[in-house]
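S.K.: I would like the entire structure built from these sequences, with the hints used as guidance.
2 protein chains.
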Amino acid sequence: MKKKGILYGVGVGPGDPELMTLKAVRIIRESDVLLLPSPVKEECRAFRIACEACREAAQKPVKCFSFPMTTRKEERDRQLDLIYEQISALLEEGLNAAFLTIGDPSIYSTFCYMADRARSYGDEVRMVSGITSFTASAARLCLPLSKAGEEIHIIPSESDYAGALRLSGTRIFMKSKKKGRELKELLSSGFSGNADVFCVENCGMEGERIYRGISELPEDDAYMRVAIIRSEEPACADV
Amino acid sequence: MKKKGILYGVGVGPGDPELMTLKAVRIIRESDVLLLPSPVKEECRAFRIACEACREAAQKPVKCFSFPMTTRKEERDRQLDLIYEQISALLEEGLNAAFLTIGDPSIYSTFCYMADRARSYGDEVRMVSGITSFTASAARLCLPLSKAGEEIHIIPSESDYAGALRLSGTRIFMKSKKKGRELKELLSSGFSGNADVFCVENCGMEGERIYRGISELPEDDAYMRVAIIRSEEPACADV
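In the order they appear, the protein sequences are chains A and B.
So in numbering that gives the first Met the number 0, spot 96 of the first sequence is number 95, and the numbers just go up one at a time.
So in numbering that gives the first Met the number 0, spot 213 of the second sequence is number 212, and the numbers just go up one at a time.
Just so you know, the hints here were simulated from the structure itself, not pulled from any lab data.
The beta carbon of each residue, even a glycine, is placed where N, CA and C say it ideally should be.
Don't take each hint at face value.
Listed next, with one range per pair, are the computed distances between beta-carbon atoms [as the list claims (entries may be wrong)]:
1. B:Asp76 x A:Gly162: 28 to 38 angstroms
2. A:Lys72 x B:Asp76: 49 to 59 angstroms
3. B:Ala88 x A:Lys40: 35 to 45 angstroms
4. B:Cys63 x A:Gln58: 43 to 53 angstroms
5. A:Lys174 x B:Asp76: 32 to 42 angstroms
6. A:Asp219 x B:Lys1: 38 to 48 angstroms
7. B:Ala161 x A:Arg118: 28 to 38 angstroms
8. A:Cys63 x B:Pro60: 44 to 54 angstroms
9. B:Cys63 x A:Lys72: 49 to 59 angstroms
M.R.: Structure (structure tokens):
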């Protein structure tokens with residue numbers, strides 16, 4: 000019996016190909032097939048990043064998948080099951096497969112839904128960490144996200160923003176989608192007191208933009224945008 | 000006048016040298032001097048990681064610094080000022096300096112205190128992201144930290160643990176120091192309901208250990224330990 004392949008979830012980082020890890024490059028190089036969360040490879044951002052950091056990526060066989068956009072759980076689960084069936088068939092053939100994902104595979108990545116299914120199929124699955132968009136944004140701003148004693152809260156667009164702004168330390172608003180206006184209004188009306196406000200769009204990529212302060216905060220929609228609201232804790236002064 | 004050097008805060012990741020980024024390796028290679036947050040280079044974990052990923056690191060001139068352990072703000076600030084004076088003198092000589100730090104330089108890193116001072120000196124300072132211990136731990140466990148709609152909260156040992164456990168989504172307890180027992184007691188007494196409980200010690204390094212479930216959770220002290228308490232949100236089922 001042929002040995003089954005391994006499924007790797009490989010984080011390629013937020014955009015700058017140099018932010019890929021040595022391990023991500025090696026796993027891509029050693030894989031038999033690349034799995035892309037995009038209907039066509041030319042449109043796959045993660046694939047473009049990988050190809051820039053690792054020439055071999057462009058020569059690898061790829062398999063593209065259209066991930067469901069529906070919010071209806073049953074239909075979405077059915078579509079995810081169908082995608083995983085195709086992936087599992089590749090592993091059955093003995094192929095090692097690298098599923099490329101922007102940022103880190105454990106944080107808001109479609110890979111999580113594949114890893115769940117891999118486990119229930121009994122397929123071998125591993126994750127390779129990637130630099131997340133929020134640490135890359137902090138680096139771009141040369142901003143500490145947390146000094147000793149400070150908390151960090153990572154908030155998706157589905158959360159209650161007012162509640163999140165009441166938390167202490169650094170609040171990071173990921174993929175804020177259509178809630179840029181809400182965030183700006185909350186901050187303008189005094190939520191978070193005199194916290195420092197930053198926003199990074201397309202970090203490390205073409206079209207990178209940096210916004211500082213509430214007044215610059217954009218209200219429109221953008222996929223690759225991270226807002227960082229940081230209150231330095233007086234408590235941490237004595238830590 | 001000689002051109003001043005640049006200060007880089009370089010994250011070397013949590014332990015596995017392969018988790019260093021291509022950029023971290025390049026910056027170390029191109030630097031004139033490595034700055035180590037340790038009294039002697041042989042004891043510096045970040046330096047050991049860098050040397051394994053990048054042979055040139057071992058040949059570079061290094062400068063070691065003893066960071067203050069005191070919690071008295073005034074004394075600590077004075078010592079940090081003295082350290083930064085030495086770093087600034089190196090930049091004045093035109094040397095590019097790479098300050099190595101475990102994990103990511105924006106998250107609980109001594110580098111943050113140096114970056115603050117660099118700015119007030121008008122020195123040029125940049126950060127190079129590193130893989131954080133918590134994403135590496137998630138990868139080791141092959142665990143999603145957040146699916147769509149879920150929050151992540153990063154909690155230092157100075158925080159109120161009971162309050163943190165009331166937050167939704169994934170709670171990550173960093174460097175839990177002497178509070179392992181408190182965390183275990185809180186979880187045992189039903190805080191967090193039936194959340195999944197994991198703990199990773201020395202992730203990717205010699206002496207790596209993984210603990211699963213409340214009963215396995217260690218109560219003693221360890222420097223490199225991350226506890227992950229994860230409640231999958233029913234809310235996210237329909238996202």
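S.K.: May I ask which of the numbered hints given earlier this structure violates, with the numbers listed in increasing order?
M.R.: 3
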